[in-house]
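Number of protein chains: 2
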Amino acid sequence: MASDNNQESSVLKELPKIAWTRLKGCSDKVVSTVMCPVRDAKNLGKQDPRRITHSCKVGLAVTLVSLLYYFDFLYDGFGVSAMWAVMTVIIIFDFTVGATLGKGVNRGVATLIGGALGLAAHRLTSFNGRIVEFSVLGFFIFLISALATFIRFFPKVQARYDYGLLVFILSFCLISVSGYRNDEVMLMAYRRLSTVMIGGVLTVFISIFVCPIWAGEDLHNLTANNIEKLGIFMEGFERRYFETNNDKKQEKKASPDGYITVINSKSTADTLVNVAKWEPRHGRFKYWHPWEQYLKIGANTRECACKIDALNCYLNSKIQTPMEIREKIQEPCTTISQQCSHALRELSVGIKKMSSPAMLSDPHIKNAEAAAKSLESLLQNGKWLEIDFRDMIPAAAVALLLIEMVSCTAKLADSVHELASMSKFRAPYDNAVKANQTCLERVVVVTRVSNDHKVSLLC
Amino acid sequence: MASDNNQESSVLKELPKIAWTRLKGCSDKVVSTVMCPVRDAKNLGKQDPRRITHSCKVGLAVTLVSLLYYFDFLYDGFGVSAMWAVMTVIIIFDFTVGATLGKGVNRGVATLIGGALGLAAHRLTSFNGRIVEFSVLGFFIFLISALATFIRFFPKVQARYDYGLLVFILSFCLISVSGYRNDEVMLMAYRRLSTVMIGGVLTVFISIFVCPIWAGEDLHNLTANNIEKLGIFMEGFERRYFETNNDKKQEKKASPDGYITVINSKSTADTLVNVAKWEPRHGRFKYWHPWEQYLKIGANTRECACKIDALNCYLNSKIQTPMEIREKIQEPCTTISQQCSHALRELSVGIKKMSSPAMLSDPHIKNAEAAAKSLESLLQNGKWLEIDFRDMIPAAAVALLLIEMVSCTAKLADSVHELASMSKFRAPYDNAVKANQTCLERVVVVTRVSNDHKVSLLC
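Protein sequences, first through last, are from chains A and B. Add 17 to the 1-based position in the first sequence for the working numbering, that's all there is to it. Add 17 to the 1-based position in the second sequence for the working numbering, that's all there is to it.
Think of the hints as simulated: they come from the structure by calculation, not from any bench. It cannot be assumed that every hint is accurate.
Since copy identity is lost for identical chains, a pair holds within one copy or between any two.
To be verified - Straight-line C-alpha distance at most 27 Å; calculated BS3-like pairs for lysine-lysine:
{"no.": "1", "residue 1": "345", "residue 2": "34"}
{"no.": "2", "residue 1": "46", "residue 2": "173"}
{"no.": "3", "residue 1": "383", "residue 2": "41"}
{"no.": "4", "residue 1": "283", "residue 2": "383"}
{"no.": "5", "residue 1": "294", "residue 2": "283"}
{"no.": "6", "residue 1": "173", "residue 2": "63"}
{"no.": "7", "residue 1": "173", "residue 2": "283"}
{"no.": "8", "residue 1": "173", "residue 2": "59"}
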């Protein structure tokens, strides 16, 4: 009995503690549930701070356009139609300047044409007989909206003028059908057009002049980064293929599998090209910048990425060639993978800096091609015949893939060189000379402090 | 002189002919320029006749909603707000039921929440002092639109609720800012909500009940067709790899390169999955059909397509193994490619008919696996050692790829079987029994006519 009492009292003593722990656990859960989206939002903002800028720009534009309601002289002019301006701002304000401009132009032109046609339809049908009038109007509305909807299926139209056709149908129907009830249809059409223009111009202005986000810049960087990702894979490949298993496990954590995003990058690139075409001259990009060429580079990059995917399969394959056999082809394979990596990185840097990469990448490609030839002859002279045949096949397949990778890289380099000549990238020696000059200046400064070691670090 | 005169007269005689030919050439050009889009439109309609249906449905919906303007008792109720109904129809009517429903629900709910918040903001700020009122309102507008724009960047939100957030900003701004000028803001909010609802319900009704186009059906067929394309490639592969060059040239015209579209099908499938989730029970698809599983099948299909791409590279490669050496591995390679092709086709047919394909595809996969094992041992026992090593490598690489293709096909089959068990596909014996029964009935009928040859043809 005494021990029972002791137990009870100890349980009673512990009760507040248990309750407190549970309560704390519950509150922690609630806090984590609430904080999870906040953390996600923080990450989203960190990944690309331009998202925060864009959100603030939209807020600013909407607030500014609301002023149409505040000032009497503006509101008296437009009345309820002021809402079209607010709508236009909210709908056409997109993340990039190109997308905003594209939507803006589409909306403006489509409102003009749709409105004019709507007016014409209204005039045509406004003869005596209410039923006849509405029947003819109904026929026009059916015809125009069905036709315009069908035209939206044309692939070229869909890529660039889809939104325009939507607004065209909208404007036509609103003006023609409102005209049926409203005699001031001309005034209405004028108000709709002018408010859409005000909203559009304000949006485009803020989009271009307040921290602009250019789709062309994004496309350019995407192209360069994709090529860099391939370079990163190729750099690490020979190390991972010709090392012992223990090292491989450590390496795996930092596995450079960025190339997978490259394979799936087609739709993003297509959208960016379509949008970039709307953008005016900006930063380093002139009028008529050859945006289409980026699609060609993208296709070649994806081809390389597919080869890399196959190489990666052999890295993780169950059937493996023993290391002592692999070592027989290590030298040319290492050269190919390093030289390809260097070439790809030079191409990427060349695109980023808009300096022609030919002089810097071509030597690496030539080295890789020479190594590929020596690898090919190594495979052909049959030195391996002493070795067990079954062990050899995966390594031979890797060797063949590496040889193909060289020609693939050369093809990619050609398309980048085409871009460089089309958009007149600077000659690389400009940079080299500049870099040398800067380096020399630093040398002079540092030698004054007299420390040879520092000079070599700085250069 | 006489000959000169003759020449001149002959030129004069030919002049009308030349003029006629040129005029005809010009008119032909004009006709072809005009007819080109017409021909394109015809092709678009032929490729997918549902495009024409959809266009007519949009025309019908817009015409019907215009009746709001025609009938006095309707127009008296809504007035100018009737245009929101027209706008709603034009904007939310999408190609598939799922997309239309998704946009409709987004628009409806967002109008409700945005309108309510707008009303609240209007009430909160409607105290004395015009400048104070508008400043506080402006602050709210900035805050809400910036915040909602930022939320649109969350990937999950972007996939399903992007349009909803846009409409939310729109409704909030329109109601709150119009309230500043219009005392009947409650009536306005009510009218906006009810007209949006009318437009939405009409659109969804026509979309579902007049020749519906289901995204789920499209996704299902896309998945089945993609797998079929791989089957078509594998069927033709062994013929093209083990045939003489002359035959290959003839074959090349009908090269089955449908697998390339499979590699690039990710974004289409992603969109369709997002849209299909909005669709109610229809046809063969029940509530909570496992749409996500199609993404898994799609990923496995693309993995197979990448392997096929590599195989295709070896078909067109410059370095080729001589035919007499290839023939040494012809038997297992042929078996693998044929059995994989059969298995892939069975999987595709199984998905199309929604009957569990395990019983029909698994035997083929087992055969392929057995052939892969025998090919592996053929490669390992080194019979080829007599042959020149360099010649052998490409064929060995093809053999390795085929072995990998078998495991890849098995993985794909597993994901299809998962789908089959998740969505309770019929057991295949149902079909087999039915087919047998039908066949037997035919046999009975035909044997009455007594012709054994015909029976075998009919079965």
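Hint check results:
For the homomeric pair residue 345 and residue 34, neither the shortest alpha-carbon distance inside one copy (68 Å) nor that between copies (78 Å) is at most 27 Å. For a Cα distance limit of 27 Å, the shortest separation of residue 46 from residue 173 across copies, 22 Å, qualifies, whereas the shortest one inside one copy, 51 Å, does not. Taking CA atoms no more than 27 Å apart as the test, residue 383 paired with residue 41 passes in neither setting, with 66 Å inside one copy and 56 Å between copies. Taking identical chains as interchangeable, the C-alpha atoms of residue 283 and residue 383 are never at most 27 Å apart, the minima being 29 Å within one chain and 36 Å between chains.
In this assembly of identical chains, the alpha carbons of residue 294 and residue 283 lie at most 27 Å apart whether taken from the same copy (17 Å) or from different copies (25 Å). Taking the shortest Cα distances, residue 173 and residue 63 sit within 27 Å of each other only across copies (18 Å), while inside one copy they are farther apart (36 Å). In the homo-oligomer, the alpha carbons of residue 173 and residue 283 lie at most 27 Å apart both inside one protomer (17 Å) and across protomers (21 Å), since each shortest distance falls under that limit. Taking the shortest Cα distances, residue 173 and residue 59 sit within 27 Å of each other only across copies (16 Å), while inside one copy they are farther apart (38 Å).
Going through the hint list in order, the structure does not satisfy hints 1, 3, 4.
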